[in-house]
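Can you make the complete structure from the sequences, with help from the hints?
There are 2 protein chains.
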Amino acid sequence: MKTYIGVDLGGTSVRVAHVNEQGEILYVSKSDSFAQSGPTVVLNNIIEMIKQVPNYLDASGIGVGIPGPVDTVRGVITLATNLKDFVDFPVAKTLSDALGLPVFMDNDANVAGLAEALVGAGKNEPIVYYITHSTGIGGALVVNGKVISGKSGYAGEIANIKVCDSDEVINHLVPGAVENEASGTALARRAKESIDPTVESAIDFFKLVEANNEQALALIDDMAYKFAVMMASIAHVVDPHVFVLGGGVTSVSHLYLDKVKAYYKQMVHPGMADVKIVLAKLEEPGIVGAAMLSTSYGL
Amino acid sequence: MKTYIGVDLGGTSVRVAHVNEQGEILYVSKSDSFAQSGPTVVLNNIIEMIKQVPNYLDASGIGVGIPGPVDTVRGVITLATNLKDFVDFPVAKTLSDALGLPVFMDNDANVAGLAEALVGAGKNEPIVYYITHSTGIGGALVVNGKVISGKSGYAGEIANIKVCDSDEVINHLVPGAVENEASGTALARRAKESIDPTVESAIDFFKLVEANNEQALALIDDMAYKFAVMMASIAHVVDPHVFVLGGGVTSVSHLYLDKVKAYYKQMVHPGMADVKIVLAKLEEPGIVGAAMLSTSYGL
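Those sequence lines, one after another, are chains W and L.
Position one of the first sequence corresponds to residue 4 (this note's numbering), numbered consecutively onward.
Position one of the second sequence corresponds to residue 4 (this note's numbering), numbered consecutively onward.
Hints may contain errors.
Simulated pairs of lysine-lysine, DSSO-like, Cα-Cα distance not exceeding 27 Å [as the list claims (entries may be wrong)]: (1) Lys54(W) - Lys5(W); (2) Lys149(W) - Lys284(L); (3) Lys279(W) - Lys149(L); (4) Lys279(L) - Lys268(L); (5) Lys210(L) - Lys284(L); (6) Lys279(L) - Lys149(W); (7) Lys149(L) - Lys126(W).
Beyond 10 Å from chain W on every Cβ pair, some chain L residues (computed) [claimed, not checked]: (8) Glu24; (9) Val44; (10) Asn58; (11) Ile130; (12) Ser155.
None of these hints come from the bench; they were simulated from the model.
Ideal Cβ positions, reconstructed from N, Cα and C, are used throughout, including at glycine.
Structure below.
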């Protein structure tokens, strides 16, 4: 059975795993990512971690999941992230030269979506759209088992889809961007501003919803509506066979998912209303998807 | 050189062509489509037209472009159009059984987009997003020379993307749908309502713009903004290498295209702002794209 090496690189930690073609994790290790020490230190650490993986040279390829848009052809990060000095650094080439295996890169939402498409909740579906709903919002389009990353890795940067007429500039995103309206971070901010100044997190807000606080119920309804606007926009572009929803916010999906589905159906053509909308089911989509990235390139 | 048969089926007329793999039209014929006489009459006419094509059996396959969403796997239309009784009728199977060639179907915007991607303004670009801006608005996603039609053919039904907070129900589309804000039909309606009750067409409206009528200038600016909202939504889903814009409204693109580009850049990440936005260049994308549909299936 073919095996692959996966690297899940984040701002705090990095994990390396050996995964087989069924998505089973055979080996995993974890370390500080040294993200603020620059790419040479970060990558030398990863190279040493991979060399510690038993039989790593048996793997067909190495895949790296990274926070932020990736130019998958050049194998570089294209937008500043929490990895210092990484923009345009030749990550894939550096790893490949040191380890003698082909190396592929993509952003963390894309690799998580790939894992769910290949061996998770989207298994056997031709077109899978994966959405991570967490502190931020990200997406991944997987067609026939391959991630579509776009010209410069911005496919799936759905956080920046405009879902309302707001003029308020909150950060680098467009006014009315779904991430500033419907992410976990946005819910905490909006609840703190409009409901209770002691709210410090999305979890605090969800407690208000569970206590049937009227303003909190109105806010989660508004969130569900705007999330559905985003999903409908995505559906009119790619008409997926299934939407797979992952990320921390989905742990309280009982508070809002039925509302999202109802609003979604109001906003699409009748023939699109029966799309499957399911929760992600893998425990480790990031590391499994990174490993399986090589399969998108025929390995 | 390989050749293909293309059928461009509309509510009024139908055309049949023999096209080579460079997109050159070797032969074309045209007839009434008999759209209101039901699928048996319509398809028997097409079968006879194809049998008149010299050497039609040398073609590698037949492609049919149809107005409306198509289930490309089953080869049927999935939404009522101006073709009477066609929904769920086995169009591809009927033609294939009668003619002994493989038959593929897709909607007219998708085949036009395919033609522009293969031999038109998007040639040699990996990800092409084609938009037809006419009485209506349609789109097509072409990745590595293949159309992505979606689960039930609704990929590219971008007319229904919500671009503003409007609550006004105008037709079957969602309130605030881009087609009701920015299409040729929408411009005529909006100009008639808000500027001059004698406006009867988009052409009348464009004359007001060219005469520097202040309200007309404000309306075309609003159209450009909403068109850009739609394009930005598309870009955050698929990050194309090029947007190709076709359709009748683009004949006056000098009145608004620079505005569209400027608004678009304000709504996307800096790394996406350099996307190519170009005008379509084929004279006959519908019939050429229909013919070349077979190439999406390896023929």
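We went through each hint and held it up to the structure:
no. : hint                  : result
1   : Lys54(W) - Lys5(W)    : holds, 18 Å
2   : Lys149(W) - Lys284(L) : violated, 30 Å
3   : Lys279(W) - Lys149(L) : holds, 24 Å
4   : Lys279(L) - Lys268(L) : holds, 12 Å
5   : Lys210(L) - Lys284(L) : holds, 24 Å
6   : Lys279(L) - Lys149(W) : holds, 24 Å
7   : Lys149(L) - Lys126(W) : holds, 22 Å
8   : Glu24                 : holds, 24 Å
9   : Val44                 : holds, 25 Å
10  : Asn58                 : holds, 34 Å
11  : Ile130                : violated, 6 Å
12  : Ser155                : violated, 5 Å
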